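Note that this note's numbering numbers the sequence shown so that position 151 is 151, with each residue one more than the last.
Hints are computed from structural coordinates only; laboratory data are not their basis. Note that the structure is a prediction, hence the values are computed from the model and not measured. Please note that the accuracy of each hint is not assured.
[To be verified] Below, a list of computed lysine to aspartate or glutamate pairs in the EDC-like style, where the Cα atoms sit at most 20 Å apart:
{"no.": "1", "residue 1": "Lys275", "residue 2": "Asp209"}
{"no.": "2", "residue 1": "Lys148", "residue 2": "Glu165"}
{"no.": "3", "residue 1": "Lys275", "residue 2": "Asp260"}
{"no.": "4", "residue 1": "Lys215", "residue 2": "Asp266"}
{"no.": "5", "residue 1": "Lys72", "residue 2": "Glu165"}
{"no.": "6", "residue 1": "Lys273", "residue 2": "Asp262"}
{"no.": "7", "residue 1": "Lys215", "residue 2": "Asp265"}
{"no.": "8", "residue 1": "Lys72", "residue 2": "Asp166"}
{"no.": "9", "residue 1": "Lys273", "residue 2": "Asp260"}
{"no.": "10", "residue 1": "Lys9", "residue 2": "Glu165"}
{"no.": "11", "residue 1": "Lys268", "residue 2": "Asp209"}
{"no.": "12", "residue 1": "Lys211", "residue 2": "Asp266"}
{"no.": "13", "residue 1": "Lys72", "residue 2": "Asp99"}
{"no.": "14", "residue 1": "Lys211", "residue 2": "Asp262"}
{"no.": "15", "residue 1": "Lys9", "residue 2": "Asp265"}
{"no.": "16", "residue 1": "Lys9", "residue 2": "Glu89"}
{"no.": "17", "residue 1": "Lys275", "residue 2": "Asp265"}
{"no.": "18", "residue 1": "Lys273", "residue 2": "Asp209"}
[As the list claims (entries may be wrong)] Across the chosen pairs, the derived CB separations fall in these ranges:
{"no.": "19", "residue 1": "Arg84", "residue 2": "Gln39", "range": "13 to 21 Å"}
{"no.": "20", "residue 1": "Lys211", "residue 2": "Asp102", "range": "28 to 36 Å"}
{"no.": "21", "residue 1": "Lys211", "residue 2": "His26", "range": "34 to 42 Å"}
{"no.": "22", "residue 1": "Lys268", "residue 2": "Ala71", "range": "42 to 50 Å"}
We treat Cβ as the ideally placed atom computed from N, Cα and C, and that holds for glycine.
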Amino acid sequence: MDETSFSRKLSLSDVSYAASGYRQHHDHQLVCQLVVQGQGRIAEPALLQAVQEVARFCPAARVRLRGWWVAKRWSACGPLPRVRVVQREWDGLYHPGLDFIDTSLDLITGPVAEVVQVVGRSTYLVFRAHHAVMDGVGLIDFARALFKLLNGIEPERYDSKVRLEDLPPGNVAAIPSPPSQAQIPFVPQAAAALDRSRLWRRISLPGTDNKILLKTMLALSRLAGDDPVSPVRIHMPVSLRRHIRQERSLSNLIGMLRMDIDVADDCKAVVRKIKQAMGEQQELPVAVNSITSK
Numbered sequence: 001m002d003e004t005s006f007s008r009k010l011s012l013s014d015v016s017y018a019a020s021g022y023r024q025h026h027d028h029q030l031v032c033q034l035v036v037q038g039q040g041r042i043a044e045p046a047l048l049q050a051v052q053e054v055a056r057f058c059p060a061a062r063v064r065l066r067g068w069w070v071a072k073r074w075s076a077c078g079p080l081p082r083v084r085v086v087q088r089e090w091d092g093l094y095h096p097g098l099d100f101i102d103t104s105l106d107l108i109t110g111p112v113a114e115v116v117q118v119v120g121r122s123t124y125l126v127f128r129a130h131h132a133v134m135d136g137v138g139l140i141d142f143a144r145a146l147f148k149l150l151n152g153i154e155p156e157r158y159d160s161k162v163r164l165e166d167l168p169p170g171n172v173a174a175i176p177s178p179p180s181q182a183q184i185p186f187v188p189q190a191a192a193a194l195d196r197s198r199l200w201r202r203i204s205l206p207g208t209d210n211k212i213l214l215k216t217m218l219a220l221s222r223l224a225g226d227d228p229v230s231p232v233r234i235h236m237p238v239s240l241r242r243h244i245r246q247e248r249s250l251s252n253l254i255g256m257l258r259m260d261i262d263v264a265d266d267c268k269a270v271v272r273k274i275k276q277a278m279g280e281q282q283e284l285p286v287a288v289n290s291i292t293s294k
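Based on the provided sequences and hints, a complete structural model is requested.
And the structure:
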């Protein structure tokens, strides 16, 4: 398939993310960002060529919205992802004035994605894509495809037209009802004066990658609970691609697991709950009125 012939209908997830801002002048857009740290520098011509090539394998990286709002679709007829090289010292953390992680994207005229190389003592590649175009898993696949091309390896093609609505229906009965006695956390008056701007931190926790997620879930449940004996409801986003292994897509294919974490739970207990919820196919999409009726 030629990348310019790629076309796909919008999903409900795409529309919800587009509503955060879909034009260049819209602030506060929902943008997926992946920062990769390394040493050395990629020659700008080589990076430009790799980005041009990657669009053949990842056509979602150059889509734009076409058609009327009642029948909008993605069409890979937009500009290539923007490539920028920034000379500055950076530690990979958020600071005010970092325009290369705050630049708005445009779903009507494009580009909808960009790759920024930040060169200093360390080199960072910043992959950015509007969340309406792809999810975090898709952005990682896009980055992997680009790195393969830079190393002379042909990547897989991510040109599936599958959408969230095309997946098998979820198991409504497996979605737990909200706790009947759930308390609304008390918000102190001083909280209204807190700075609500972006917070981007690098936080390190001891352990292997698979345990980090479990430890983080347990830590959040401890912090969120003001009742020492009541469980805490955790919502865990998961990729739905395991249900369509024959498809390769960058689009928004994320479902939600809902689990109650008990005070006595450890990592093994959380793993059991995750496996049970996924075994019940709780993460697959269900009708909106079924969710709201719970």
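A quick look at each hint next to the structure:
no. : hint                         : in the structure
1   : Lys275 to Asp209             : 18 Å, holds
2   : Lys148 to Glu165             : 31 Å, violated
3   : Lys275 to Asp260             : 13 Å, holds
4   : Lys215 to Asp266             : 8 Å, holds
5   : Lys72 to Glu165              : 15 Å, holds
6   : Lys273 to Asp262             : 11 Å, holds
7   : Lys215 to Asp265             : 11 Å, holds
8   : Lys72 to Asp166              : 17 Å, holds
9   : Lys273 to Asp260             : 8 Å, holds
10  : Lys9 to Glu165               : 10 Å, holds
11  : Lys268 to Asp209             : 15 Å, holds
12  : Lys211 to Asp266             : 11 Å, holds
13  : Lys72 to Asp99               : 30 Å, violated
14  : Lys211 to Asp262             : 18 Å, holds
15  : Lys9 to Asp265               : 42 Å, violated
16  : Lys9 to Glu89                : 41 Å, violated
17  : Lys275 to Asp265             : 15 Å, holds
18  : Lys273 to Asp209             : 19 Å, holds
19  : Arg84 to Gln39: 13 to 21 Å   : 20 Å, holds
20  : Lys211 to Asp102: 28 to 36 Å : 33 Å, holds
21  : Lys211 to His26: 34 to 42 Å  : 39 Å, holds
22  : Lys268 to Ala71: 42 to 50 Å  : 49 Å, holds
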